[in-house]
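Using the hints provided, position chain B relative to the given structure of chain A.
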Amino acid sequence: MMLSALRLVLVACMMLAQNAHAHGGVVEEEDLCVIKVNYLRGHFKIYQPLTDGHKEFCEDLPNATESVFVMEYLHDGLANASVDFRIIRDVTGKGRFARWEDIAALEDLDSATVFYQAPAIEPDVLTVIHDFAEDGNYIGIVTANVDGAEQIYRAVFPFEVGFIGLGYWPVFIVLLIAIQIQYLIMSGRIARWRNQRKVPGPKAKIVTLLIVIFVPMLSMNDADAESGQEWVSERAIYQLRFESSLEPIEINQMHSWLLYVSADGKPVSGATISVVGGMPAHDHGLPTRPRITEELGQGAYRLEGMRFHMSGVWEVSINIEANGKTDTVVIALTV
Amino acid sequence: MSTIEAKTRVVIASLVVIAVVLAAAGLLQYRSANPQPWTEAEVAILRSLWIGSLPPLPADPTNAVADNPTAAEFGHRLFFDPRLSGTGGISCSTCHQPIRRFTDGLAKGQAIGTSKRNTRSIVGVAYSPWLYWDGRRDSLWSQALSPLEDPVEHGGNREQYAQFVAADPTYRASYESVFGEFPNLAKGDAVSRVFSNIGKAIAAYERLLLPGPSRFDAYVDAVMAGDVAAQRSAFSADEINGLRLFIGEAACTQCHNGPLFTNHEFHNTGVLAFPGEVPDKGRVLGAREVLSDPFNCLGNYSDDVDKNCAELEFARTGPELIGAMRTPSLRNLENTGPFMHKGQLTSLAEVLRHYNDAPPSMIGHSEAKPLQLNKRELRQLEAFLETLAAPLATAEKWLAPPATNVATNTNEE
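Chains as they are written, first to last, in the numbering used here: chain A, 4 to 338; chain B, 1279 to 1691.
Hints were generated in silico from the structure; no laboratory data involved. Do not rely on the hints blindly, as some may be mistaken.
Calculated cross-link-like contacts (lysine-lysine; reagent style DSBU-like; alpha-carbon spacing at most 30 Å) [said to hold, decoys possible]:
| no. | chain 1 | residue 1 | chain 2 | residue 2 |
| --- | --- | --- | --- | --- |
| 1 | B | K1386 | A | K48 |
| 2 | B | K1653 | A | K58 |
| 3 | B | K1465 | B | K1647 |
| 4 | B | K1585 | A | K48 |
| 5 | A | K58 | B | K1394 |
| 6 | A | K97 | A | K48 |
| 7 | A | K58 | A | K48 |
| 8 | A | K328 | A | K269 |
| 9 | A | K48 | B | K1465 |
| 10 | B | K1647 | B | K1394 |
| 11 | B | K1675 | B | K1386 |
| 12 | A | K58 | B | K1647 |
| 13 | B | K1585 | B | K1386 |
| 14 | A | K58 | B | K1585 |
Computed from a prediction, not measured in an experiment: that's the story for all the values here.
Pulled out of the complex, with its shape left as it was, chain A reads as follows (with noise of 0.2 Å):
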């Protein structure tokens, strides 16, 4: 309890003194690890796969054991930085207040380095393995230049390996529970509740069998698109046709569309179409980048490289800017 009481005051403490963070450090925001490399920010994340699986950590480490540590980026600009990442042993005698001045000051860095990866560019994602050899305190520096510009950017995240931060909570929760549970047995809560929860009577059952018949039928209804069916753009500027080459359209199969695109029921020429689609259940885009390959006038133009990977309800926003008026239409589909 002690040490939690004490890691909540050095946490308060080093939010108020804004300046610790002034070059940048990781810190937990609405539940993310998020990094800050001056304003280039990314999430960050620390696994140890072998001992404790997909657990995903934040600063402080349980084991002394084989690590990744995961930068996912928020900002761009660190997909196009050069980031090298560098671990040494706390020498620095700062702990959690350790700054990049104190690092600086030291004057062998590379004694106490324990970890470097040299600056590379990752345009997706940062990760690095170190398997750490013993318990103790540790500094991270994730350093980046952007462009290759004279500026560069650190971040300083001091953070302890073998940490055992929850003390005896645990024993106390367990206990609490249990005193809970004895209570609510004795006074017979549970007794009443049980007797509250009652089977759904007959006419109940008769309505949730009729939702679940006419629902998905309703919702199929509303889905289903048809070829030569006209679409409505979102704030009414277009209309749209669409006809496609595979019909029905079937699963992993690339095909291309007509599209008809009209305004006030005229034919729109010479207009510039993007297309974005996905599965709004699973997560996930089009397994194609499509794109409008030809324009065949009278408002005709031709897209190219669809194909849909999965059965089920898709997605396809047709972006049209045509004279300077730019309107989505989102076509619901159920291949």
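Structure of chain B alone, referenced to chain A:
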């Protein structure tokens, strides 16, 4: 209350309990013997997975000899020839072993060194627009070239392979009968041309490796024919339930769809990194690599004069593909473990547990959602997956090293 009355009550209560238990057991027995029939929509899904729905092999315009039988014979010999390596000890079949459905039973391929990922089966792979776990090649022949020059795999180089084919009279004759006169290797890009043709011959052979009908396909035959007796002899109640979960609650067909049980696309499903390695970035890197591959569909060595390369042209990348790997086929899993891109999971049961838990991914974003199936359901799914094992639909002679003695070769020519 008299004791007799009390005794009667006990007897009646006991009889009621026994009756209920017997009725329940009878119902279970009845239900397992008469599983609920498939709906029309479900039958449509079963048909889509059925081997009868497999279309003819798609043409490969980038490889003019893709369907040339002489090229396949040539490729067959090359595939099993260890002289096609830096050490003289590694052939394609070192890792792609016919007895293991052209995999090797190891977490990662083992040749001169250890390769970076698990060896994938090549059965039916001619249907895929992408090769490798990360899709870093876009044709069978360009894929076949890359291990030949990988220092930890075959460890040779194209110059060496071109000279080897030129110097071996049998190979030289085969080459000339398929590709025409052997070029002067000192001229222009002749070495790369011969090298690419070695890949095209191997690809012609690999196109012959196709999956055959399994017990699952026999079951679907029976379902479509409405033949209840044949359904029962094909599938047990557990296997039927496994199949029902597969196409329903377990949502496996989101990715494992079509007659090869794969959509040939890339998905991050949050498999833990291989011990000692950072998580594999998968498709984001593969998408970049395939675009810069000199042997890709748009390159000089592609036989497609029109450069009709829709896959490359419309290929997409982006943060969504960080850590994404190509969906493997589920046909013929028997004898092909360990599974996943680095062989992280040793058994099908472990794979199913992984998808049941669906933990968040170390990098990128996992598309898998926890399934919350119980142990019995997981066992049923596993039982179903095992019904997809079957002998290949490929003549036996292609599944073993060819008889490469001189007499046979002379006869051929």
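Results of checking the hints against the structure:
1. K1386/B - K48/A: holds (27 Å)
2. K1653/B - K58/A: holds (23 Å)
3. K1465/B - K1647/B: At roughly 56 Å apart (the allowed maximum being 30 Å), K1647/B and K1465/B break the hint.
4. K1585/B - K48/A: violated (44 Å)
5. K58/A - K1394/B: Judged against 30 Å, a Cα distance of about 25 Å means the pair holds.
6. K97/A - K48/A: holds (23 Å)
7. K58/A - K48/A: Roughly 10 Å between the alpha carbons, so the hint for K58/A and K48/A holds.
8. K328/A - K269/A: holds (15 Å)
9. K48/A - K1465/B: At roughly 54 Å apart (the allowed maximum being 30 Å), K1465/B and K48/A break the hint.
10. K1647/B - K1394/B: holds (27 Å)
11. K1675/B - K1386/B: Cα-Cα ~28 Å, so holds.
12. K58/A - K1647/B: Answer holds: K58/A to K1647/B is near 17 Å, not above 30 Å.
13. K1585/B - K1386/B: violated (35 Å)
14. K58/A - K1585/B: Violated, at roughly 47 Å.
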